[in-house]
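Novice: The numbering of the sequence shown is the working numbering, which starts it at 86 and goes up by one.
In case anyone wonders, no lab produced these hints; they're calculated from the structure.
On a predicted model such as this, the values are computed, not experimentally measured, just so you know.
C-beta: ideal position from N, C-alpha, C; glycine also.
The reader is advised that the hints may include incorrect statements.
[As the list claims (entries may be wrong)] Only pairs whose alpha carbons sit at most 25 Å apart, straight line, appear in this in silico DSS-like list of lysine-lysine:
1) Lys239 x Lys124
2) Lys211 x Lys124
3) Lys102 x Lys226
4) Lys124 x Lys188
5) Lys250 x Lys239
6) Lys287 x Lys258
7) Lys123 x Lys193
8) Lys267 x Lys242
9) Lys274 x Lys221
10) Lys282 x Lys221
11) Lys267 x Lys282
12) Lys238 x Lys221
13) Lys278 x Lys250
14) Lys221 x Lys242
15) Lys226 x Lys282
16) Lys192 x Lys274
17) Lys262 x Lys282
18) Lys90 x Lys146
19) Lys102 x Lys145
20) Lys102 x Lys239
21) Lys193 x Lys242
22) Lys90 x Lys226
23) Lys258 x Lys214
24) Lys192 x Lys211
25) Lys90 x Lys214
26) Lys258 x Lys226
27) Lys238 x Lys267
28) Lys214 x Lys154
29) Lys102 x Lys87
30) Lys230 x Lys243
31) Lys283 x Lys238
32) Lys124 x Lys187
33) Lys187 x Lys226
34) Lys211 x Lys228
35) Lys285 x Lys214
36) Lys283 x Lys295
37) Lys287 x Lys274
[To be verified] Computed beta-carbon distance windows for the label pairs:
38) Asn269 x Asn148: 48 to 56 Å
39) Gly178 x Asn254: 19 to 27 Å
40) Lys221 x Asn273: 27 to 35 Å
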Amino acid sequence: MKLTKRLNTIVSLIDDKTTVYDIGCDHALIDIYLTLNKKNNCIAIDVNNNALESAKNNIKKYNLENNIKTIISDGLSNVFIDENNTIVICGMGANTILNIIKKSEYKKIDNLIIQSNNDLYNIRKKINKLGFFIDKEVNIKDKSKYYTIIKFKKGYKKYNYFDYKCGINFDNKEYIKYLISKNNIIYNKIPNKYIIKKIKIKIENNYLNKRI
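Just need the whole structure built from these sequences, with the hints factored in.
Specialist: Structure, rendered in structure tokens:
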């Protein structure tokens with residue numbers, strides 16, 4: 086099966102032989118691919134019964150009913166987390182992702198693969214504070230939209246403001262230029278009376294410009 090660039094990046098960050106908990110599994114494409122190609126043990130999870138039925142139909146299409154478990158659950162609330170695990174939470178907002186992690190037995194989690202639709206600053210900072218460090222970070226463009234996919238591992242590293250705000254990966258220069266351009270748009274929309282906000286954006290852009 087062929088995955089989108091975004092999904093292909095997600096699966097590339099998942100270690101072989103880990104048990105994968107795919108939260109908000111949608112059509113279970115990640116689970117099917119991993120089961121067929123990387124021999125992971127996958128659990129497809131969704132809070133929406135219609136979404137889970139769609140996942141089950143796809144799983145059946147590939148004759149993997151005995152290989153991929155499906156669970157209706159609000160995040161990990163109804164799920165027992167096995168050892169040597171990877172939790173995948175992608176395509177959601179930052180608050181939803183953080184609530185899912187905080188409500189879980191997160192101290193049992195070994196690896197997290199996160200793709201948030203917004204607020205990467207708080208994703209990086211708050212997950213780090215829960216006892217995870219950034220192992221890898223990938224910025225990709227898929228169908229004219231940029232995505233940042235972050236792999237966290239259990240453990241701790243110290244980061245500064247710019248690490249949380251801008252990330253730790255500067256390989257994709259076009260993405261950095263995109264961030265600068267986005268900041269410029271925000272800067273121009275901020276009224277001059279909010280001078281502190283404008284100064285912060287200028288400082289951030291100076292930092293980013295040095296990484297090009």
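Novice: Next step is simple, just say for each hint if it's right about the structure.
Specialist: Evaluated hints:
| no. | hint | result |
| --- | --- | --- |
| 1 | Lys239 x Lys124 | holds, 23 Å |
| 2 | Lys211 x Lys124 | violated, 31 Å |
| 3 | Lys102 x Lys226 | violated, 28 Å |
| 4 | Lys124 x Lys188 | violated, 29 Å |
| 5 | Lys250 x Lys239 | holds, 21 Å |
| 6 | Lys287 x Lys258 | holds, 18 Å |
| 7 | Lys123 x Lys193 | holds, 23 Å |
| 8 | Lys267 x Lys242 | violated, 28 Å |
| 9 | Lys274 x Lys221 | violated, 33 Å |
| 10 | Lys282 x Lys221 | violated, 29 Å |
| 11 | Lys267 x Lys282 | holds, 15 Å |
| 12 | Lys238 x Lys221 | holds, 9 Å |
| 13 | Lys278 x Lys250 | holds, 23 Å |
| 14 | Lys221 x Lys242 | holds, 13 Å |
| 15 | Lys226 x Lys282 | violated, 28 Å |
| 16 | Lys192 x Lys274 | violated, 42 Å |
| 17 | Lys262 x Lys282 | holds, 20 Å |
| 18 | Lys90 x Lys146 | holds, 22 Å |
| 19 | Lys102 x Lys145 | holds, 22 Å |
| 20 | Lys102 x Lys239 | holds, 17 Å |
| 21 | Lys193 x Lys242 | holds, 18 Å |
| 22 | Lys90 x Lys226 | holds, 8 Å |
| 23 | Lys258 x Lys214 | violated, 28 Å |
| 24 | Lys192 x Lys211 | holds, 14 Å |
| 25 | Lys90 x Lys214 | violated, 30 Å |
| 26 | Lys258 x Lys226 | holds, 12 Å |
| 27 | Lys238 x Lys267 | violated, 29 Å |
| 28 | Lys214 x Lys154 | violated, 31 Å |
| 29 | Lys102 x Lys87 | holds, 21 Å |
| 30 | Lys230 x Lys243 | violated, 30 Å |
| 31 | Lys283 x Lys238 | violated, 34 Å |
| 32 | Lys124 x Lys187 | violated, 29 Å |
| 33 | Lys187 x Lys226 | violated, 29 Å |
| 34 | Lys211 x Lys228 | violated, 29 Å |
| 35 | Lys285 x Lys214 | holds, 23 Å |
| 36 | Lys283 x Lys295 | holds, 19 Å |
| 37 | Lys287 x Lys274 | holds, 14 Å |
| 38 | Asn269 x Asn148: 48 to 56 Å | holds, 51 Å |
| 39 | Gly178 x Asn254: 19 to 27 Å | holds, 22 Å |
| 40 | Lys221 x Asn273: 27 to 35 Å | holds, 33 Å |
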